[in-house]
Amino acid sequence: MRRALTAVPVLVALLLATLVAVVPGGEREPRGPVDVPVEVTSYACPGGPGRSVVLGQVEPGDEAQVVRGDDAEPVEELLDPRVARSADTGRADLLVRQSGAGSGAVGHTGARRGGTLVVQRCPGIVDEAWFVDLASTSSHDSVLVLSNLSAATAVVDLALWGPDGEVEGVGTSGVVVEPGEVRRLPMTELAAGEETLALRVDRERGAVAAVVEDTAPRGRELLAAARVPGRSLGIGPLPAAGEDRVLTLVNPTDTSGRARVDALGPDGLFVPEGLDEIELPSGSVTSVALPEGLGEEPVSLAIDSDVPVTGAVRTAGSGDVDVVGAADAWSGDALVPSTVAGAPLSDLVVASVDGAAVTLQGRSGDGEVLATQELDVAGGTSVEVALEELVVDGVVEVLVRSPDGLLAATATFSRDGRASVSVLPAPVTALGPDVRWGRPRQ
Amino acid sequence: MEDVEEQVRPWRSSPPSVGAVLVTHDGARWLPKVLDSFAALTYGPTAWRVVDVASTDEGAAMVRAAFGAERITYAPSGTGFSAAARVGVDALPPTDWIWLLHDDAVLEPGSLAALLDEATSAPDVAVVGPKIREWPSLRRLVEVGLSITSTGARETGLEPGEPDAGQHDAPRDVLAVNTAGMLVRRDVWDEIGGLDEGLPLFGDDLDLGWRVALAGYRTRTAPAAVAFHAEASRRGVRPHRAGDPPAWERRRAALRTLLVNVPGRRVPWTWTRLLVGSLLRFLGFLVARDAESAGDELLAVRSVLLRPGEVRRVRRERAAVRRVPHREIAHLFPPFWLPYRHGWDAFRDLVAGLVRPETVESVGRRSTSGSGDPDDTDELVELPPLWQRRPWLLTVLALTAGSVLAARDLWTGAQGAVLLGGALPPAPTDAGQWWGLVLTGAHDVGLGSTTFGPTFALLLAVVATPVWGSPGVVVSVLVLLGVPLAGLAAHRLGRMLTPRRGLRIVWAGTYALSVAAIGPVAQGRIGTIVALVVLPIVVNTALQLIEQASWQVGLRLGIWIAVGAAFAPVLLAMSTVALVGLVLLERRLLRPVAVALVAAVLLLGPWAVQRALRPRLLWWEAGLPVPGQGTGVHEAISLLLGRAGGPGQAPLWLGAVIVLLAVLALVPRPTRTVVTVCWSAALLGLAFAVLGSFVAFTVPGGGESISAWVGVPVGVWVLGLLTAILMAAPEAAGRARPVVAALAAAALLVPLGTATWWLARGVDDPLARERPTVVPAFLTESPGDTLVVRGTLADGVDVTVVRGAGPTLGSEALFPAQGRREEVVEAAQAIVSSGASADVRRLGDLGIRSVYAPDVDPDVEQRIDAAPLLEQSGSDRPGSRVWTVAVDDPAVDGAGAPWRAVVGTAHALLWAGAVVATAPVRRRQGDRVAQERP
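Taken in order, these protein sequences are the chains called P and E. The first sequence maps to residues 1 to 442 in the numbering used here. The second sequence maps to residues 1 to 934 in the numbering used here.
Some clues are possibly wrong.
Residues from chain P that keep clear of chain E, each with C-beta distances beyond 12 Å, as calculated [stated by the list, open to error]: (1) Ala-135; (2) Arg-260; (3) Phe-270; (4) Pro-291.
Not close to chain E: a few residues of chain P, all C-beta gaps over 10 Å, as computed [to be verified]: (5) Glu-39; (6) Asp-127; (7) Glu-292.
To be clear about the criterion: a stretch of chain P counts as covered by chain E if any three or more of its residues have a C-beta under 8 Å from a C-beta of chain E, and this derived list gives those stretches [claimed, not checked]: (8) 144-158; (9) 244-255; (10) 429-438.
Rather than coming from a laboratory, the hints here were simulated on the basis of the structure. Even glycine gets a Cβ: it sits at the ideal position worked out from N, Cα and C.
Construct all of the structure, not just a fragment, from the sequences and the given hints.
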């Protein structure tokens, strides 16, 4: 017995060690990006002939600063952050900064001129922006508009691709945009004579917004940045239209690939004829005409590729063009003005791959909800919203709310032409790193 | 041979007359040999006179029998040597020379002849003294001439205990010689007035020599003349009688001798210096709890420095016989730095005392105790080799040399390089910053702080004050020489545990090396290193407490626990558990243990309260909170084998040998009880190590979750196991020879293997000596704080705020006012998510003027770029970015409440008081102070 007691200390030691071996300890918790309420939203609305802007927000903001890019003078009629407001601003570029936690400030700019309609959402600060289906010819010219939204000098790098591969541009590296400056870079100055171009804008320093003014033979358009290249891509929804539609994809990688296009129509998923296998040469832009029958119903394109690609669909009507770029599916709140530059919202199409419940609200200028519509978007379908029930008297904006399922949406405005805008969530929250207090290191 | 010598002495042809004066006072103990030596003189004095100062022993009868009653003069009790000598000289017939003799000094037969040889060598020689050796050892030199330092210390120019090997046998001019055997020209004696009766006991010889020199005469040593002096009064072997000069006479004599003899223009400076020096000595005696000596110091000051009239009178009297300016006798005084060298010698003696217990035989020291019996004469013996006489000293030297070698890359570096890395922040630029952490209410650190500074900063400040401008030296010594320091501490504990010297040395050496093996040295964990150095002292003091359950020992234990816990607070928790367990077993220890724990908590001060409010912070040691190893199978094995994880720990198999031997130590029945106690202590350490493995803490203000580092509990575990082995080791002697050999080999394998690993790997990485690079150099000089941003969007971003070059050791433990760190985190979160000017202004309001991203990923960098009011600035290296916060509003740190400085000062005084209270009280022996001469 006494001999057995001798072993007690050893057994206790082994028991203690076993505890360390089997019981999990206070290890550090994993960290990942977190949603952070956006306190301040900055965006730039490029000016132009006949241009007017519509500014709004999901929730009333605290303060808005709206200044002209040329003289930094405030635009008095656009300074109330609590209401949706609009103004004719003409050629003046506007720089907007609106504060308020989770306010979700959004701006749209548009113009009707010469039988064409231009409408686009005012771009915010981008890290990496892709523009597809540009050109630098005398008949079709694209102009990159860079707006510096901060008080520090901004620097961007540009890269260009064409159908025959990467295009060596002139002065594409280290493009400087001074604080408050709105700088226009015609593609003809960067790489003249290219009929089809894709452009990547990389922000190296500062805060800069990017948009492209596109002038084609059949109309003008403001192009918003498409999403960064990926192997699964969504474009649309594309509103019903009978004109020519061209899908342009850029494969910026060093590897050739293939892409398959699925279409999400009102009745579900189908593969358009001839789009089941699109060759994507490495480092080049590929354009494919969409089948004519595809334009008869609202439809979205889901593209699966074995290389990262991004793209856009250009719809050329009799008197106007309409470009819809690739966009990420989203959840949250989005705002669509009921009228831009006198052109009413004519079509609103929502699509979802996996299905989503959508709430639509017709709101007055001060945010009062005047009409509501609940919509269940079945998986793999594109659904057109009945706007006549939503845009009733007094409604100046439509709130599209998709709290759970991922959604894609396109708003089309029609009057003296047609312009489609990808509906994207208002910046209510932003994905930020998990920030915490660290320890000094040597 | 004698005849040959006689022939070369020129004075033989006309021998000078010499009158000898012997002063006696209760010298019966030495007089037989002294009188015999007089009888054996080859050349004797012309006349003798004995002055007996109220002897109450047989001494008076002895001299009466030797010299006859007619040659004896009796002086009353209390007569000093100076006065007695004057009485004797006055009673002598006129002679050419006077020879002063002591009753405790034996002379060699040729002494007087040798003195006369030197005395007659030149006409200006007025005083000659013999070479004085120690009696009874007979071989160590006591004096061969004298001088006095600027602080009043008696300077012999000899090393302590220096043996006489003829190295000082060349006659030379000196300031003074001892009155024991002093030969003085009678006319000079009369001219300068003999010995100063104002110096009845001490300093009269120095004073006489000084006056002789100023009168234009010389004092010479005559090393051919040898006297053996018992120094009966200095050693306290002559009984103290009523009427003898008081104890403070020695210091009074030193002050008076200086003040009445220095040049007139230097009197004010000398007076001031002596006053300041005396006050410092007074404080020093108080700290050493030698209240009697402290009182003596004040009495001496009052007696001399506060009586300028007396000094002026004496100086006036002496001015008449001064013929030589002081500059001509300056060579007779020691250099100005000599007092400081004596201080160094005292420090060296202290260190030597720590390693001397293993000395077989003490030589080279003047004995200060013993019987004093003149018959007790030592003989020179053949000494064993040093490794046999001082094996522990050699072990310490080996550990020190090993530490130097293991830290080969860490002693020097580029200009501005400091020791840092791992958990070790750089040391501050001067010790004042450590004092500032303790004594000021507001601290100049990132975001400002008004919290209490860490207690370890107070201890470091005290230690670093002598090297004010180089506190890094203290850090380097603690970190890089932690191994030998731990060995020294362990060895003192070993003396309580076992009388077996060899086992003790191996045990202490193994523990010392375990400090490196556990891993804290390479990881720069200064808290663990200091705690493991202090740990054996804590155990040692606890064992003393068991033997002597007094409050003084309890207080001492509390102090040592506080020292260790100041650097590693977990030591307080472990000590508390151990002491509570001790009290449960021994109720009589309740009161001293309570004293120990209360003292420890009080000494740890308000900083400990701050930590106690967040108990998990007990695991945060001095230095940066670098994570420990946490839990898991490998971690469990690591703990069991005495490793705390991280870089720079010794191979596990070396720890396995310790555990194996400790298990075997449980086998022998005779030592099983004590071995079980050792195992219990070890298990306490292991239990805390296991507990710590489950603990994760965050520093105040939130942030990274840091797994506790368990180096100190692992050290307790290892010390317990080693002690178990030590206690059972003697039982191995009875086993079969192969078994003993195997056990011995295993026991030696651990220190030798660890030492080999230690020397081969070194103790660098992550510890390094380099320039601090927390922020670029140009930001260290810029105003305001710097927000340092690290990390990625995916894995999270860490932010911290630094001021200047970043935190230094001690300031890393400070934290800003409640909410300021959270505010920084919120603003930074907003900036890297969707920056707004308001967020940047928040940084500006907090005093942040720069943002530095040393290795931030491009995503985060772009987001910071987009923030308004952040202007891009240069950076120090590719891949890093700096932004300037374009906010003009000056940030204001919170001002510390004045009472915080008061608390800090009180805290420092509490430490001083506690240390003084535990120092042993020094009491003067009743017979210690007596006449130096009868």
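Minimum Cβ distance from Phe-270(P) to chain E greater than 12 Å, as the annotation requires: For Phe-270(P), whose nearest Cβ neighbour in chain E is about 37 Å away, the distance exceeds 12 Å, so it holds.
12 Å cut-off, C-beta based - Pro-291(P) kept clear of every residue in chain E: holds, 40 Å
Arg-260(P) non-interfacial with respect to chain E [C-beta, more than 12 Å]: holds, 30 Å
Coverage criterion applied to the segment 144-158 of chain P (partner chain E; beta-carbon cut 8 Å; 3 residues): With 6 residues close enough to chain E, the hint holds.
Residues of the segment 429-438 of chain P with Cβ under 8 Å from chain E, three needed, outcome: Three-residue rule met by the segment 429-438 of chain P, so holds; n is 9.
Least C-beta distance between Glu-292(P) and chain E, which was stated to exceed 10 Å: Its Cβ never comes within 10 Å of chain E, the nearest being 43 Å, so this holds.
Proximity test - 8 Å, beta-carbon atoms, the segment 244-255 of chain P to chain E, at least three hits: Check failed, 0 qualifying residues.
Exclusion check [Glu-39(P) not at the chain E interface, CB over 10 Å]: violated, 5 Å
Beyond 10 Å from each Cβ of chain E, as asserted for Asp-127(P): violated, 5 Å
Separation of Ala-135(P) from chain E, once the least beta-carbon distance is taken, above 12 Å: holds, 29 Å
Figure legend: structure checked against the earlier numbered hints; hints not met, in rising order: 5, 6, 9.
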